[in-house]
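Engineer: Listed below, chain by chain, are the residues.
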Amino acid sequence: MSKTVLTIDDSPSIRRMIVMTLEEAGYKVIEAVDGQDGLNKALANPVDAVITDQNMPNLDGLGFIRALRQHPSGKGVPIVVLSTDSEDTLKTQAREAGALGWMVKPFTQDKLLAVIRKVLG
Amino acid sequence: MSDEMSAIFREELRDLLESLEKGLLDLKSRPTDMGLVNQVFRDLHTVKGSGAMFGFTDLAAFIHEFETVFDRIRAGVLPVGPEILRLALAAKDEIPGLVDNEPDPDGRRDGILAALVGLMNPGQPPAASAEAGAQANGQGPAPDLPAAPSGPSHLRFRLSSGAFAMGARPEILLDELRGLGATEITADLTELPSLDRLDVEDCWLGWSMSLPAEISAQQLEEVFMFVDADWSLVPAEPAAPAPSGDAVAETAVTLHAPPAADTAPPPAAAAPPGAPAREKPADAAGATVRVPAERLDALMDAVGELVILEARLTELARENRDPALITTAEQITRLAAGLRDATMTMRMVPIRSLVARFRRLVLDLSDKLGKPVEFSVIGEDTKLDKTVIEKLADPLVHILRNAIDHGMETQEQRAETAKAHVGLIELSAEHAGAEVLIRVRDDGRGMDPARIRAKAVAQGLISADTILTESQIFALVFEPGFSTAEKVTELSGRGVGMDVVRRTIESLRGSLEIESKMGHGTTVTLRLPLTLAIIEGLLIEVAGERYTLPMASVQEIVELPADKAQPKKSGDFLDIRGRFVPFLRMRAMFDCAGQPGPEQNVVIVMSGENRVGLVVDRIVGTNQTVIKQMSKLHAGVRAVSGATILGDGSVALILDVAHLVGMGRSQQEPQGREVAA
Amino acid sequence: MRLQDIKRDRTVTVVTMALGAQTLAIPAPLLREILDPLPVTRVPGAGPHVPGVVNVRGSVVPLADLKHVLSITNEGHDERRRILVLEITLGGEAAVVAISADAVHEVTTVETHLIEPVPTTAQAWPPDYLTGLYRGASGFVLLPNLEMIFANLANQL
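Residue numbers (UniProt numbering), protein chains in the order written: chain D, 1 to 121; chain R, 1 to 677; chain X, 1 to 157.
Extracted from the complex, chain D is given alone in its bound form (with noise of 0.2 Å):
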């Protein structure tokens, strides 16, 4: 089975770019627009990894985060953060919030491949 990865962010391209660099890598890949889609999405699939961005709009990348982890199958599920914030703030914020790491915007496919493996060995 190959390993199924949430991929929730309201650019296409970023989407698109992480769809096509992980389904290369040979990871199934389920795509949500923003963290309330991403939420429905989580909880109808099961999803080995989840990689979301903050800005989002209806709900954003931390409350996604805190949903899903007040949900029994949300929990143990690795989360990643997107943001081109590079403050702590948010690092700490999404720590708090249940996110297992996080990433920062432009990341290469490469460095997006490498994260994934590093969560999902």
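Fair warning: there could be bad hints in the mix.
Mimicking EDC-like on lysine to aspartate or glutamate, the simulated pairs with C-alpha atoms at most 16 Å apart in a straight line are [to be verified]: (1) Lys75/D / Glu305/R; (2) Lys632/R / Glu93/X; (3) Lys517/R / Glu409/R.
Short, incomplete list of chain D residues facing chain R, as computed with Cβ under 10 Å [stated by the list, open to error]: (4) Ile14; (5) Gly26; (6) Ala44; (7) Pro46; (8) Asp48; (9) Ala49; (10) Met56; (11) Val77; (12) Trp102; (13) Arg117; (14) Leu120.
Calculated directly from the structure, the hints in this document are not laboratory data.
All values reported here derive from a predicted model rather than from experimental measurement.
Ideal Cβ placement from N, Cα and C applies to all residues, glycine included.
Here the structure of chain D is known, so what remains is to put chains R and X in place on it, guided by the hints.
Structural biologist: Only chains R and X this time, still in chain D's reference frame:
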């Protein structure tokens, strides 16, 4: 970043700019609408983030101040005013130029930025813009650490109790540390509560190890980026013994392998005190294996050989009438069929892999020609054999180019019609039986049959009195040497023509047709076989030679009525359930000597839109046909698309129905310049 | 293969074969194998030069009739008929082709200084199709220019 990616970004950017402009214009009338402010901020934020992702660093730098202004507005620090909106719209207009790397000799962009910064800091000189686009590289400040030691250092870390709930995987971490050269890895189980108090979701583990001196804190920062852990790195004294006297060592267990593979393990199971750690092979390969394309080809070849040998075995078994051998042969037949299907499935690739470059192409052409076009793709997940996909790229590029260059009206021409301002190009792919249909549809001006006809007459492709149906006229554009482009544009009308497109598609055993309606648009449909390697074939015999017809084109088989057994002067037709079906005598077409037997069969095939009968001596049966390419020496024999090896080792040619019918027709009417049906 | 290319080496190893009354020499490096007659599948519409295909160990290989190509009259015996499988360069790619021989005589080494250009006058063969000739034990032996012959055959269709 690849061109495909940046094409996707450009596409997204257009939508973002549209939304941004709308947001800014709406803010003019509703300056206090925070929803609008948030939307504008998000649009800018996405433009910046995605732009930086896809290599548009100048763009990202430019957006930064712009975004900051709206962040301030969002925070309530700055009110929305007409000056801000004016500058914002001016800044927005600069974005396309930035993306296209247009120079800014007058310093217009800097001026806008300075004015924006000025709005945020009234009375202060604009901030240095060097800082504007700075994208820090994701590293928080490293914990305070001593300077790099000279001897091996000692690392100790402990996961936070919630680490497992957050998805931390200590075994991955340990693997990574081992990759950095960590030795003497020992688990620290001192915090582990007794079993009755243990919540398996909590983590109580720590580890300690020796690391080579050259491993820096920065490298460890990378390692620990995805683990909530307290860690410390201390240089060990070169001569000092391993820390044996402290609490860690007393309960330490040396780990030889990751404690578990798939899920975060309950700590107790991972390393029971006193017992040796379980050796477990690392789950490194995962479930997906990437295989070089050549190996798939080699596998397919081997399966092809197997299918041929299996046919041979079945034939031998029948000849020998040995029940045991027949049973074995049947089992092998089933296995070979399963192996064949599995192999063919492996070779299937979604058409999606082609689409990204088309998006870029359409976008570029649309920009270059000033014809706004929306490109929509339906059925991206439709799969085809990888060889077909590879060869499909060039023909589709050509067809798409034609659609925009010739098919689409100019913006002005379009404005005179009732059509939408933006043209539509739609690429769709779907399965239809053993075929895949790929359509390129545009809503442009459509093709003018009269003009094509006149051109074909002028170029000597047809004579002035040739009677052709509309679809036959459209098919003329696939003839070599045909071009209606009145002027050779930079994009099409030179180099490869539609005849090359047709040849490529036919080499894939596919066909193509054009439907068009003046003023409404054109649709080019490609029909392609699912796979190139093995097809279901109908084996027939003509004058002692056996041939294979692709089952996909066979419709039915009837007996040739006795009164039609001999050729007549007038056209040969069969009455099949009240419909006249023309037929061709294969013996005559293939110039065979001798007379056919008393009972001949007619195979009714589909050639384009027409049903045509092929008179054969005998139907041998159906078979799995492993396609072998014909050599270049026979490339001109277009009625033959390939060859296959039969169970008795002889070669049977695979017939190309469309060309066979075309050939038969031109033989019947040597005078007329027949357009292949 | 041009004459000057052959003459670069002191000797050339060839396989001699009969087509009608004529003897031909095929450079040994081109030869993959010599087979007993195989069932030939006719390719309708392919013309007399490459009239059919044969199954050589699972590959479908075109079978050329050099007698037709070189306008050699059919006077030979059929009893010792063989098929020579050759690997040549065709359109820049390696290609396997087969030719029929009425008989295969021997593998022999020819000193290249003995090979002469084909006289340009009074000959029945297309000049491009022959690299040269030499005097053998029983008359002239022709060296066909196989690359040129097959390149032309590929273009004819």
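Engineer: Next, verify each hint and record whether it holds.
Structural biologist: Status of the hints after comparison with the structure:
1. For the suggested pair Lys75/D and Glu305/R, the alpha carbons sit about 52 Å apart, so the restraint of at most 16 Å is broken.
2. A distance of roughly 10 Å separates the Cα atoms of Lys632/R and Glu93/X; the hinted pair therefore holds under the 16 Å criterion.
3. Taking the CA atoms of Lys517/R and Glu409/R, the gap is about 14 Å. The hint holds against a cut of 16 Å.
4. The closest approach between the C-beta of Ile14/D and any C-beta of chain R is roughly 6 Å, which is under the 10 Å cut-off, so the hint is satisfied.
5. Because the smallest distance between the Cβ of Gly26/D and any Cβ of chain R comes to about 3 Å, under 10 Å, the interface hint for this residue holds.
6. At about 19 Å, the closest approach between the beta carbon of Ala44/D and any beta carbon in chain R exceeds 10 Å, and the interface hint on this residue is violated.
7. Checking Pro46/D against chain R by beta carbon gives a least distance of about 12 Å; that is not within 10 Å, so the hint is violated.
8. The interface hint given for Asp48/D holds, since its Cβ lies 9 Å from the closest Cβ of chain R, which is under the 10 Å cut-off.
9. A least Cβ separation of about 7 Å between Ala49/D and chain R falls short of the 10 Å threshold, and the interface hint therefore holds.
10. Given the 10 Å rule on beta carbons, the hint for Met56/D holds: about 7 Å separates it from the nearest Cβ of chain R.
11. For Val77/D, the interface hint holds, the least distance from its beta-carbon to any beta-carbon of chain R being 5 Å, beneath 10 Å.
12. The beta carbon of Trp102/D is positioned within 10 Å of a beta carbon in chain R (closest approach about 7 Å), and the interface hint is therefore held.
13. Because the beta carbon of Arg117/D sits about 8 Å from the nearest beta carbon in chain R, less than 10 Å, this interface hint is met.
14. Contact between Leu120/D and chain R, as hinted, is supported at the beta carbon level, the nearest pair being about 8 Å apart and thus within 10 Å.
In terms of the numbered hints stated before, the structure departs from hints 1, 6, 7, listed from lowest to highest.
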